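Colleague: Respectively, the protein sequence lines represent chains A and Z. Residue 171 in the numbering used here sits at position 171 of the first sequence, and the numbers go up by one each step. Residue 260 in the numbering used here sits at position 260 of the second sequence, and the numbers go up by one each step.
Please keep in mind that the hints were generated in silico from the structure rather than gathered at the bench. Possibly wrong hints are sitting among the right ones.
Said to hold, decoys possible - Taking lysine to aspartate or glutamate pairs in the EDC-like style, the calculated list, with each CA pair at most 20 angstroms apart, reads:
hint : chain 1 : residue 1 : chain 2 : residue 2
1    : Z       : Lys71     : A       : Glu207
2    : Z       : Lys189    : A       : Asp239
3    : Z       : Lys67     : A       : Asp239
4    : Z       : Lys71     : A       : Glu54
5    : A       : Lys150    : A       : Glu54
6    : A       : Lys243    : Z       : Asp158
7    : Z       : Lys183    : A       : Asp229
8    : Z       : Lys67     : A       : Glu54
Claimed, not checked - Derived contacts from chain Z toward chain A, CB cut-off under 7 angstroms, selection only:
hint : residue
9    : Ala73
10   : Gly76
11   : Gln82
Treat the numbers as computed from the prediction; the structure is a model and nothing was measured. We put the CB at the ideal spot given by N, CA and C, even for glycine.
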Amino acid sequence: MVNLQEIRTFIEEQKLKNGIYSVWNERKPEKVEFLKVGKRVWDGVMLKEDVGFELGSPDFPMVKTFLTQTESSSIHNMRITLIGQDIPDILETNPEFGILFLISSSSLSPSDYRKLERTTILSNSIEGVFEKQVGRKSWYQISTELLKRKLSFYHIGSALIQLIKQEFHEKIDAIEEIIVVNNNLLLDYFREIHKVSRIESIKRFQEKIKTIQKLRPDCDFENECNVCDNREICDQIRDVIAKRNEMRRMKK
Amino acid sequence: MKKNIRTIAVTGKGGVGKTLFTYFLSKQLIELGIHPLLIDADPTMSHLQNLLNLTDSSNTSIESIRKRIIKVAIQGEEVEKQRIAENIVSIISQSIIKTEQFSLLVMGQPEKKGCFCASNALLRDVISNVISQDYDVILIDAEAGLEQIHRQVMGEIDYLIILSDYSMRSVETANSIANSADKFIDYRKIGLVINKKMAEFDNKFLAKIEETGIPILGEVPFDESLMKAEQSGESLNLLKNNSPTVKAIKNIVHNLFDTA
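Chain A on its own, in the form it takes in the complex (with noise of 0.2 angstroms):
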């Protein structure tokens, strides 16, 4: 189990030991302008021309890594913390990149651990920020335009927390990110905390399939009610259920 005040204690030494970090407290992130952020809000079409700036590379896959709990007093709400310069004052092409979310939540459950990764992988929901993958492998592209606008941390950030609260809605209570950029030491780090979180979700995830398990013995097909000669039958139970919900939330 990883212990997040441990976590917390060696990010802040590293951060004042780097010396060059910012820190954004925000209570609701201002809205940028020229940032369109949402579910597929461009087609996410990044040709090598329009790459200004790489955030890793495959040689330096990015970190990003989450860390949940159910106690949300130890996560600062809506802040996010850079750890090293901000993205107009890099002076190498492919920086080595990292992210850790800080989120709590008590009502997640074992399939929305996997829907918040998908949910931070842009593919088109940053109009101009693309998760470049190749295998397991992967790292941000910026277009040139963004560059031009002088895109922040701050941003990228922000829009990833506005992207996870649109889709977890009143699941998430709080949420925190520490990005952290050209740092060997916090980034291994980070490998590590990811390492042990993973092997949580897949415990977690272990659970889910033993419940499943638990679920078949309804079932003489293993749920493949495709080739159930009862299927038809089934579907019509299925909306009396329906009917008997529907009349329940009535009732409420």
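With chain A's structure known, arrange chain Z on it following the hints.
Modeller: Chain Z in isolation, oriented as in the chain A frame:
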């Protein structure tokens, strides 16, 4: 009394005495002032129902309700489907035979081939709603096997009692049942009861039990008075309070509910 033990299922190899055990367990609960709901899950013969001197319930069994639901589904008429949706709770409630001291729900024998998963889902949902509101303790004579219990009654059990006699084969069956329980149902606690115990356990037998990893909840000695009552068809109500069976099951109830 432990409030967290609400649903108890009694299972085990055929012939180990599940129904009689359930019967005496229910008697002890009644003595403690509990009005239990007994679920007779024997698909072939309603032994428990017979022991309780209740009339034939083949028209009010869960299986008969399931048949009715399937019949309506085959016809597919909207009015009838709506009627079932509206009345399923009262249909299930009415199928429960209520006496002053206990209530009984009979599962009945499945006749139609096929799983009809949706009907099981509907029944399970209604049954668990109905019984969770009205009863403090639900006692299932799980003759039908855990798979059937899961399908038609409930997927969660607080205490799974596996009954065995003093035989290696019976303990092996207990082990298989425990393995199958892990697969099919959610149970919180499990315990082994050795029934009809005629002699002290030898080391080999104890080692076999240890191998299963199932903790021993209790022992019920062989009871000649019970055997005689069974042979002569006398009412089991006449069994005295100091009979070995009654005393042993009283102890088991104490272990289950901490009522000592």
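Colleague: Compare the distance between the alpha carbons of Lys67 (chain Z) and Asp239 (chain A) with 20 angstroms, and conclude whether the hinted pair is satisfied.
Modeller: holds, 16 angstroms
Colleague: For the pair supplied as a hint, Lys67 (chain Z) and Glu54 (chain A), confirm whether the alpha-carbon distance does not exceed 20 angstroms.
Modeller: violated, 64 angstroms
Colleague: Can the hint on Ala73 (chain Z) be confirmed by a CB-to-CB distance to chain A that is less than 7 angstroms?
Modeller: Holds, because the Cβ-Cβ distance from Ala73 (chain Z) to chain A comes to roughly 4 angstroms (cut-off 7 angstroms).
Colleague: Per the CB criterion, is Gln82 (chain Z) less than 7 angstroms away from chain A?
Modeller: This hint holds: Gln82 (chain Z) lies near chain A, its Cβ roughly 6 angstroms from the closest one there, short of 7 angstroms.
Colleague: Please work out if Lys183 (chain Z) and Asp229 (chain A) have their alpha carbons no farther apart than 20 angstroms.
Modeller: violated, 26 angstroms
Colleague: Are the Cα atoms of Lys150 (chain A) and Glu54 (chain A) separated by 20 angstroms or less?
Modeller: holds, 14 angstroms
Colleague: Need the status of pair Lys243 (chain A), Asp158 (chain Z): alpha-carbon distance at most 20 angstroms?
Modeller: It is violated: about 31 angstroms lies between the C-alpha atoms, which goes past 20 angstroms.
Colleague: Going straight from one Cα to the other, do Lys189 (chain Z) and Asp239 (chain A) come out at no more than 20 angstroms?
Modeller: This hinted pair is violated, its Cα atoms lying about 36 angstroms apart.
Colleague: Does the nearest C-beta of chain A fall within a distance shorter than 7 angstroms of the C-beta of Gly76 (chain Z)?
Modeller: holds, 5 angstroms
Colleague: Against the 20 angstroms threshold, does the CA-CA distance of Lys71 (chain Z) and Glu207 (chain A) hold or violate the hint?
Modeller: violated, 37 angstroms
Colleague: When you check the alpha-carbon spacing of Lys71 (chain Z) and Glu54 (chain A), does it fall within 20 angstroms?
Modeller: violated, 64 angstroms
In this structure, the hints that do not hold are numbers 1, 2, 4, 6, 7 and 8, in rising order.
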